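S.K.: So the chains spell out like this:
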Amino acid sequence: MIWTLYRMELFKLVKRLASWVTYLSYGVLIVMLYGSFYYNALKSKFAYFGFPNAWQAILELSAPVVSTFSAVLIVQAVASEFDWRTSRQNIIDGMSKRQWFTAKLLLLPTVAVFFFGSELIYSGTLAWLGTDPEIENAFAITSTQLHAIIGVFIGVLCYSSIALLVSLSVRSTGPALGITLIYQVFENITTRTLRGFDLDRLADWFPFQVHLALLKYNQYLTAGAEAKRGLEHVWDTNLLFVAGFGWIAVFLTASWLVYRNRDL
Amino acid sequence: MSVIETSNLTKRFGKTLAVDDVSLKVERGHVYGILGPNGSGKTTTIGMIVGIIRPTSGTFRLFDGDTPQDLHEARRRIGGTLEQPNFYPFLTGRENLKIVAGIKGLGKREIETALAVVNMSDRAHKEFKTFSLGMKQRLALAAAMLGDPELLILDEPTNSLDPEGMVEIRELILKLAGLGKTIVLASHLLVEVERICSHVAIIKNGRLLKHGTVAEITRGDSSYSVHAGDLNSLQTAIENYPGTQHTHRHTDRIIVELKDNDPAALNRYLAQRGIYLSELSEQERSLEDAFMEVAFTGESNSRQGS
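Chains as they are written, first to last, in the numbering used here: chain F, 25 to 288; chain L, 17 to 322.
By construction, these hints were calculated from the structure, which means they are not laboratory data.
Please note: incorrect hints may appear among the correct ones.
Said to hold, decoys possible - No more than 27 Å apart at the CA atoms, straight line, and that leaves these computed lysine-lysine pairs for DSS-like: (1) K145/L <-> K39/F; (2) K152/L <-> K41/L; (3) K124/L <-> K121/F; (4) K120/L <-> K121/F; (5) K120/L <-> K142/L; (6) K142/L <-> K152/L; (7) K152/L <-> K124/L; (8) K124/L <-> K114/L; (9) K41/L <-> K197/L; (10) K120/L <-> K145/L; (11) K114/L <-> K39/F; (12) K121/F <-> K114/L; (13) K124/L <-> K145/L; (14) K121/F <-> K41/L; (15) K41/L <-> K120/L; (16) K142/L <-> K39/F; (17) K152/L <-> K197/L; (18) K39/F <-> K124/L; (19) K152/L <-> K191/L; (20) K142/L <-> K191/L; (21) K39/F <-> K152/L; (22) K41/L <-> K220/L; (23) K114/L <-> K41/L; (24) K39/F <-> K120/L; (25) K120/L <-> K152/L; (26) K152/L <-> K121/F.
None of these values were measured; they are calculated from a predicted model.
With the rest of the complex left out, here is chain F (with noise of 0.2 Å):
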C-alpha cells in the first residue's frame, strides 16, 4: 500500500503544472548561479570553478534556495489537498488517516531528494569541466563533504517539516505559503532579540537558526581539520544533526497531532 501511495503522490506532482513552475523557477535560479561561475571560471584566469573548491560553492550557496523551494512545494502538494477537499475525499475513498499521513511525509525526503539531487548534477556536472586535471584526487570525496551533504539534506528537511505543520495547521495554500515563509523573518527577530540579552545560546537552537547552521559549509570544514589534528571541536556538526533531526521529529509529531484530531 505504501508503495501505491507514493506513485499516487509523484504521480499528482508530475501531472502538475504548478510543481512544474516552481521546479523550473528554481532551475532558472541554479543554472544562472552556478552558470555565472563556470562562465567567470572560463573568461578570468584568476577565478575558478573546480573540484575540489568548488564544493563550498556547490554545498552552500545554492542550500538556501534548495530548502526555500522544497518548502514551497511541500505547502502546495499538501495544503492543496484542503482547498480542493481532496483530502476528506481521500479518506471518503477508504483512505485511513494514516494512510493519507504517510504519503505526504513520503514527499519530504523526495523532494529534498529531487531539488537537492538536481543542483548537485548540475553544479557538479559544471565543476567537473572546470576541474584541473593536474590537481591529484580532485573528484574524491572527503567525510567532510559528506557531513556537509548530510547537513544540508537535514537542513531542507527541517524546512521541509515546518512547511508540512504550517500547512495541515492553516489548510491553506496561499496562507500556508506565507506564513511558511514570513516564518524565517519572524524567527530571525526573535532570535536577534534574544541575543540582544546575551541569549545567544538559546537562540543558537531555535529550528530556523539551527536548519541555517546545517548549511554552513564553512563549520564542516572546520569540524574535519579540527578531527584531522586530534582536536574535539567535532561534536559541534554532530550536535547540529542531533538538534535538526529533533526539529524535524518535533514538528513531524505536531503535524501529525494536528492533522489526526482535527476534523476535515
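Since chain F is already given, all that's left is putting chain L on it; use the hints.
M.R.: Chain L in isolation, oriented as in the chain F frame:
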C-alpha cells in the same frame, strides 16, 4: 443486517450543537433519504459515518462492526460523495478515477465500467476543471461506484444542477437502487427524496425529528377523505359527530380529522343518519406536507421505530 446503525450520535462545534443525539438504522437494500433544510446537520451526520468528522459522543456501527479496524475495513465497502464533487482539478476525469481506484485497490477495468455507467467514457480524457457541474456530479457518482460498493452515500448529489441534470442524476440513482444497492441520500429537495427513497429521516437543527418508510411518514395520522352524494348533509353530519377534531371542505370531498382515529365508527354514525359514503380513505400527504408538519411543529418522534 443493518448497514449503518447510529446510537445517540452527537457533534458539537464549539458552542454549536450540529448533531444532537441522532439514532438511526439503515438496513441492507434501503434507499434511505436524510431530509432537512440547509444547515440541519445532514452533512455532519454523514461526515461522522464516513470518518472525516469525529463524533463528540455517541457510537455507530458499519456493517455490524464498531472497532476502528472494523470501521476502516467497512469504509472500503462504501462509495460516497460529500456536498460537492471533490477531485484534483488538474487531472482528467479518468486520472482522477485512477487515484480513487488506487486507494480502493482496483484496476483500469473497473474505471472504464464506472465511466460507462455514468455515460462519461468519451469525455473522461478532459481535465476536471473544464467539466460542467453535471459532468462533475456524474464523475463523483462514477468514483463512488468504483469497485461496486455495497453502500452508496450521496450528499446533495443534484446540488446546483439544472432541471435536466437533476433528472439525469436522479435516474442514475434509481438505476443503482434497482440493482439492489443500499443508498443513503442526503438532500434538502423533498421531491427528490420522495421519488427515490424507500425510507426517510427528517432532521432539523441537528435533531432527528421523525424516521420511517416514506409511506409511514406521508400517512396522515388520523385524517380521512370522505365523499357522499350530498356533500352539504355530509358536512353537517360530520361537524355534529362527537369524534370530529377538525374538518376541511374541498370542492369534491371533505377532509376530516378524528379524535379517536376510528373511521369505522364514523361510517356507522353516518349510516345511522342515512348518509352512505361513496369514499372513505386515509388521507395521504405529500412528503412536503409531512416535512412541513414535522419540521414546523417540532414534532419529536424519535421514539418511533423505523
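S.K.: Hints first: check each against the structure and report whether it holds.
M.R.: Against the structure, the hints:
1. K145/L <-> K39/F: Holds, because 14 Å separates the two Cα atoms, which is no more than 27 Å.
2. K152/L <-> K41/L: 30 Å, violated
3. K124/L <-> K121/F: Roughly 25 Å separates the two Cα atoms, so the pair holds.
4. K120/L <-> K121/F: 14 Å, holds
5. K120/L <-> K142/L: 23 Å, holds
6. K142/L <-> K152/L: Satisfied, since the Cα-Cα distance of roughly 11 Å is no more than 27 Å.
7. K152/L <-> K124/L: 20 Å, holds
8. K124/L <-> K114/L: 7 Å, holds
9. K41/L <-> K197/L: Within the cut-off at roughly 16 Å; holds.
10. K120/L <-> K145/L: 23 Å, holds
11. K114/L <-> K39/F: Roughly 13 Å separates the two Cα atoms, so the pair holds.
12. K121/F <-> K114/L: 20 Å, holds
13. K124/L <-> K145/L: 22 Å, holds
14. K121/F <-> K41/L: Answer holds: K121/F to K41/L is near 26 Å, not above 27 Å.
15. K41/L <-> K120/L: 26 Å, holds
16. K142/L <-> K39/F: 13 Å, holds
17. K152/L <-> K197/L: 22 Å, holds
18. K39/F <-> K124/L: 19 Å, holds
19. K152/L <-> K191/L: 19 Å, holds
20. K142/L <-> K191/L: 26 Å, holds
21. K39/F <-> K152/L: 20 Å, holds
22. K41/L <-> K220/L: Judged against 27 Å, a Cα distance of about 18 Å means the pair holds.
23. K114/L <-> K41/L: With Cα atoms ~33 Å apart, K114/L and K41/L exceed 27 Å; violated.
24. K39/F <-> K120/L: Holds, because 21 Å separates the two Cα atoms, which is no more than 27 Å.
25. K120/L <-> K152/L: The hint holds at about 20 Å.
26. K152/L <-> K121/F: 25 Å, holds
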